[in-house]
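Chemist: Protein sequence lines, in the order shown, are assigned to chains A and B.
Position 148 of the first sequence, counted from 1, bears residue number 148 in my numbering, the numbering being contiguous throughout.
Position 28 of the second sequence, counted from 1, bears residue number 28 in my numbering, the numbering being contiguous throughout.
Keep in mind that the hints were calculated from the coordinates and are not lab data.
Positions of the beta carbon are idealized from the N, C-alpha and C atoms, including for glycine.
Treat the hints with caution; some may be incorrect.
Said to hold, decoys possible - Not the full set, but computed from the structure, chain A residues with beta-carbon under 7 Å of chain B: (1) 46; (2) 50; (3) 82; (4) 87; (5) 91; (6) 111; (7) 166; (8) 185; (9) 195; (10) 197; (11) 209; (12) 246.
Number of protein chains: 2
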Amino acid sequence: MQKPLIFITNDDGIRSKGLRALVDTAKAIGRVLVVAPEAEHSGQSHAITTQIPLRLRKMQDYDSSDDVTAYVCNGTPVDCVKLGLTHLLSDKPDVVLSGINHGSNSSISVIYSGTIAAAQEAALYGIPSMGLSLLDYAPTANFSAVQAIGSDLIKKVLTLGLSKGICLNVNFPIMSLSEIRGVKYCRQTNGTWNENYDLRLDPYDGEYFWLSGSLVNNEPDATDTDEWALANGYVAVVPIQPDMTAYAELERLKAKWQ
Amino acid sequence: MQKPLIFITNDDGIRSKGLRALVDTAKAIGRVLVVAPEAEHSGQSHAITTQIPLRLRKMQDYDSSDDVTAYVCNGTPVDCVKLGLTHLLSDKPDVVLSGINHGSNSSISVIYSGTIAAAQEAALYGIPSMGLSLLDYAPTANFSAVQAIGSDLIKKVLTLGLSKGICLNVNFPIMSLSEIRGVKYCRQTNGTWNENYDLRLDPYDGEYFWLSGSLVNNEPDATDTDEWALANGYVAVVPIQPDMTAYAELERLKAKWQ
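Here chain A stands alone, though its shape is the one from the complex (with noise of 0.2 Å):
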């Protein structure tokens, strides 16, 4: 039988520890192909390049093994999806992976993701795929868990599939391997980023502003959330679709505005 063909990007660029990461961990399982972008793209979401022309270009020394083949692509995490997939591969690979991002990806912050925005382009393809991020924003970040355990997730998502447009969004707890305590399904948790920007003066007295904040959970009690599950040594699985109909706010429109 011949070896999955595994499709990787990421959204912290191919110099990246993650994305780095990720490779070592797929090229044991099948073949790799990498398409991730030039330059850093967190916080991209769904982006498309469509003002400025999309450039491919194959990397000669990623990595020495023959199963693997990286290009770098200027766009997006979305657009690097879009044009392997289009213009490099003629068939489907298997699985598709993002990742592994330096930084949390859970909650509200998975809706602003490069990284996931990544995987569910990939699932609107028909390709299970799946987005990989570890809690710590670190360049220098350890990795070594999410390997272990994204390795099997990675053989699950390969044997078991998964159900069509469906992508998983996986986060892990900054632990070792013995301490994460399993893996969780779960839920999006219900958050809110709390907003705060830094207002500063250039040197020449204009005004620019820098964003920052932090995560609101708005629902801490609730037990089978993704935000639960990171903050008591979980792995968070949440599968995502890519319908955003709000059914029963429809149901409400459709009796009280008509």
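Chain B: place on chain A using the hints.
Modeler: Only chain B this time, still in chain A's reference frame:
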């Protein structure tokens, strides 16, 4: 009673005709605060700016009415909403509007849309919101039917309200007011972008790509969808929500993957 405060943004940028049309409609209903991107940001989805500082500049000449104040921002539509709500206002506006977009945001296009992401961002702040789009990409598009029906919808949101966290994705067919058959409350169509990258050579023989494609409706016979409504002469109103959890798949994973 004080006039309602209407916050307006878009993704086509401060100079677009659609924004002007929405401001003209809104100022007949209440006080208006515009915070719009400097440049075009179509397809920017929920992208936020974290790598360059944000700037906010008051426009002295956007509108002659005392009820209209306008700012321009160098960021994305979502940045405009976050920065405007956090920095410019001490109280929440009564409604946030985004648009009028030049082009459709129905079906799966909603996931790429900067227009709808901006409206959804406001809903995350607990403010009722609505994104308005006309299925005409032309810069010179005629927005008069959108203005007439949109005005009614804005008043409905102000008087009847929306459930917390909900935003309305409203798309208008290219028709005159007398041709439009009414407003349909519907769900997001299951659709897929059929992508096609246009490969070209620059003057130095370097390859580059332009994204193009067309939307495929995967359920053309379903009559409760936004695509059906638009194709049959209706304004399509889809309530959307930020929880991306795939609940049916979650139950399947809990049963089969443990």
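Chemist: Give a verdict on every hint.
Modeler: Results for each hint:
1. 46: Since chain B brings a Cβ to about 4 Å from residue 46 of chain A, closer than 7 Å, the hint holds.
2. 50: holds, 5 Å
3. 82: holds, 6 Å
4. 87: Interface hint status for residue 87 of chain A: holds (5 Å vs cutoff 7 Å).
5. 91: violated, 16 Å
6. 111: Hint holds; residue 111 of chain A Cβ to chain B Cβ min 5 Å, cut 7 Å.
7. 166: holds, 5 Å
8. 185: holds, 5 Å
9. 195: Constraint on residue 195 of chain A satisfied, holds at 5 Å.
10. 197: Holds. Min distance 5 Å.
11. 209: holds, 4 Å
12. 246: For residue 246 of chain A, the interface hint holds, since the closest Cβ of chain B sits about 4 Å away, which is under 7 Å.
Consistency with the previously given hints fails for number 5 only.
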